[in-house]
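Colleague: Read top to bottom, the protein sequences are chains P and V.
Using our numbering, the first residue of the first sequence is number 1, and each one after it goes up by one.
Using our numbering, the first residue of the second sequence is number 1001, and each one after it goes up by one.
By construction, these hints were calculated from the structure, which means they are not laboratory data.
Everything numeric in this text was worked out from a predicted model, so none of it was measured.
Possibly wrong hints are sitting among the right ones.
As the list claims (entries may be wrong) - Simulated coverage check for chain V against chain P, where a stretch passes if three residues somewhere in it have a Cβ under 8 Å from a Cβ of chain P:
(1) 1043-1052
(2) 1085-1096
(3) 1103-1113
Cβ coordinates follow ideal geometry from the N, Cα and C atoms, glycine included.
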Amino acid sequence: AQKITQTQPGMFVQEKEAVTLDCTYDTSDPSYGLFWYKQPSSGEMIFLIYQGSYDQQNATEGRYSLNFQKARKSANLVISASQLGDSAMYFCAMRGRRGYSTLTFGKGTMLLVSP
Amino acid sequence: EAGVAQSPRYKIIEKRQSVAFWCNPISGHATLYWYQQILGQGPKLLIQFQNNGVVDDSQLPKDRFSAERLKGVDSTLKIQPAKLEDSAVYLCASSQRQGDTDTQYFGPGTRLTVL
Chain P
1 AQKITQTQPG
11 MFVQEKEAVT
21 LDCTYDTSDP
31 SYGLFWYKQP
41 SSGEMIFLIY
51 QGSYDQQNAT
61 EGRYSLNFQK
71 ARKSANLVIS
81 ASQLGDSAMY
91 FCAMRGRRGY
101 STLTFGKGTM
111 LLVSP
Chain V
1001 EAGVAQSPRY
1011 KIIEKRQSVA
1021 FWCNPISGHA
1031 TLYWYQQILG
1041 QGPKLLIQFQ
1051 NNGVVDDSQL
1061 PKDRFSAERL
1071 KGVDSTLKIQ
1081 PAKLEDSAVY
1091 LCASSQRQGD
1101 TDTQYFGPGT
1111 RLTVL
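Using the sequences and the accompanying hints, generate a full structural model.
Modeller: Below, the structure is given as structure tokens:
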């Protein structure tokens, strides 16, 4: 069974500062993928970044980077230079075996960015 | 490229009534997913289609929930009869395998309130 743990119910950060959102996972699959999604108050889940378990380098997408530590089973999201529009729920998710696998989501972290 | 479309955006019904949600995936995406997201939790997969076939419906309460994707494109999720605990956001997502990744893209969701 797969499990995603997000231990921070809420995080506060000031505009232009960096913030790290924690995610740990548990799986017995040798091959897996890790995702981060953003969910603003409007409700839509917005894909941010993906990391494959065999990727040698940490994924980056603009202001988002994924700090992937395989031995520790962690996949933390780092947002650099926070903006007011970053205020939202953030979900970490994992895909197991390839093919018809599904996503297992964590409970999410609410990020609030203040001016 | 148009995203995943869902309708309606909001629905309020009384318990024991029936309700249906519609989803049109991103053009060309073979895989379609329906998720249920209860307030304060991450999304939970209800059913996954590959083209017009069901891949995984292990978490679908089949005594009251049904879903179809007859022509392998758009899909309908139905609840009959609804219970109070069905109040949630119902998210539709679609994906198309590209190399090692199979990123899911979500629609805006339908917020269901059962009174």
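Colleague: Now tell me, hint by hint, if it's right for this structure.
Modeller: Consistency of the hints with the structure:
1. 1043-1052: holds (count 5)
2. 1085-1096: Holds, because 3 residues of the region 1085-1096 of chain V bring their Cβ atoms closer than 8 Å to Cβ atoms of chain P.
3. 1103-1113: holds (count 8)
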